[in-house]
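There are 2 protein chains.
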Amino acid sequence: MKYRRSGRLIDMTEYLLRHPHQSVSLTFFSERYGAAKSSVSEDIGIIKEVFEQKGIGRLATSAGVTGGVLFVPTMTDEASEALVQDICRQLEEPSRVLPGGYLYMMDIIGDPERMQQLGRIFASYFHGSGADVVMTMATKGIPLAYAVASQLHLPVAIVRHEQRVTEGSLVSINYVSGSSRRIQTMSLSKRSLKEGSRVLIIDDFMKAGGTIRGMMDLTEEFQSSVVGAGVLMEAVHEHEKLVEDYVSLMQLSGVDARGRRIDVGPGSMFHHAAQYE
Amino acid sequence: MKYRRSGRLIDMTEYLLRHPHQSVSLTFFSERYGAAKSSVSEDIGIIKEVFEQKGIGRLATSAGVTGGVLFVPTMTDEASEALVQDICRQLEEPSRVLPGGYLYMMDIIGDPERMQQLGRIFASYFHGSGADVVMTMATKGIPLAYAVASQLHLPVAIVRHEQRVTEGSLVSINYVSGSSRRIQTMSLSKRSLKEGSRVLIIDDFMKAGGTIRGMMDLTEEFQSSVVGAGVLMEAVHEHEKLVEDYVSLMQLSGVDARGRRIDVGPGSMFHHAAQYE
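Those sequence lines, one after another, are chains A and B.
Each residue of the first sequence is one higher than the one before, starting from 21 at the first, in our numbering.
Each residue of the second sequence is one higher than the one before, starting from 21 at the first, in our numbering.
Hints were generated in silico from the structure; no laboratory data involved.
Misleading hints may appear alongside valid ones.
The list cannot tell twin chains apart, which means a pair is met if one copy fits it or any two copies do.
To be verified - As a list, the in silico DSSO-like pairs of lysine-lysine whose alpha-carbon atoms are at most 27 Å apart:
| id | residue 1 | residue 2 |
| --- | --- | --- |
| 1 | Lys227 | Lys261 |
| 2 | Lys68 | Lys57 |
| 3 | Lys57 | Lys74 |
Okay, chain A solo, but in the shape it has when bound (with noise of 0.2 Å):
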């Protein structure tokens, strides 16, 4: 019996973490180890303990016949400013400065296992916003979004500046990058956004806002509306920022080329108390 239930303990572990924001039945449980709903819903509250103590997340649990269980991933305030000040402090580096004042932060983004926990960080923020579906910006978007998407359970719709014709029709809409005031096209495939979604938008690097204002208007031509937005990094603009309601994880507030000097420090989602408690 002792064994029998370690091993339902791994199991389902295993299952919930593969299967964030899904409902999954004590039926389904029941039947899968042959055991009885009690077990299993006792396993369940021991599930449920060690998840919230270690900060793994909280498992919202329904009772009666329909009684089921949901994973929703968490990550607590101090742990995500923890690892956000670690990769604040790793982009200090001065040898990041590039030519033209850009900082090289690829290396952060391609690598897999970072990329998942600051998409846990926004997959935290955001579990309240009633999203269902994330959009983000070809190319470096891309990473961000996928985990933060998997870890919402929603689809992700790939926005991009040239117009692919391997995706079937697209809208596309002309928008005005802030910083170096060019006309842009920005693309979506018809098929990737159903009318009346709700969108989270997630996005690598910001600086006057345009690319997210373009999405966010892009979003209206499919009949939908935005519920979030959310940055990787936001760059201290001089002008006012063309959009006002998003989240950055990280500010970069200057990089001196010359000087190798560059400031970077958390965002601002770490100014003001979490929005969607």
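Place chain B on chain A using the hints.
Quick look at chain B alone, frame taken from chain A:
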């Protein structure tokens, strides 16, 4: 005592799943739980049995003072083929035929859970390849590449068509797209790939193989070597392919735009025994 073991099993399961292909010492777990190494060792034995029985993966254990455990995500041939067959059936839906004879796949690629599952097939297949980095081509190869890389605990290097200036100096090569015969350029940031890397190429679609061939040539420019290549879908192509050593998960043998008929079946991975056992 019973509860303490339960708690350890749940937390260890979560920890191991989140750290695939990373050796974790018994000492680490023993200190994390304030438990004797012998107890931790017993816990690992229980988890190992469940992971194997449920097809979650293998736990490789090493004994001695430096003793530890390493989680290798795997998927059985049967489970892999069942998953792929299921996607093939979905892809044969006539409404997926696009003008020009293309096949709409963005909903599959836009589903993070699917990508994780397909990534696990490749992670299982290539786990002994000795790769130390996953390379892919923007845009649509990225989700699968990250899914593979996260389960092999490797970084991702993203090759791109455009020459963005925000990642420092680039290495660019011209290559001939095998199907359209057009000359194109692909670039990779110099910092994205260390000399002497062992590269696993992952991409979404292959027709004549020009893009994969290009990535192989680009890898050589970095004094690195390709240890494997995997594509989500290969199109059966009238001419000789430009690459030989690759595996595909699915094979597209025809899109009949007029009759709205699509023929998709399991790819070359399922035509012969696994290569890297």
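Hints versus structure:
1. Within a single copy, Lys227 and Lys261 get their C-alpha atoms as close as 8 Å, which meets the 27 Å cut-off; across copies the closest is 44 Å, which misses it.
2. Proximity of Lys68 to Lys57 under the C-alpha cut-off of 27 Å is found in both arrangements, the shortest distances being 16 Å within a copy and 26 Å between copies.
3. Proximity of Lys57 to Lys74 under the C-alpha cut-off of 27 Å is found in both arrangements, the shortest distances being 26 Å within a copy and 21 Å between copies.
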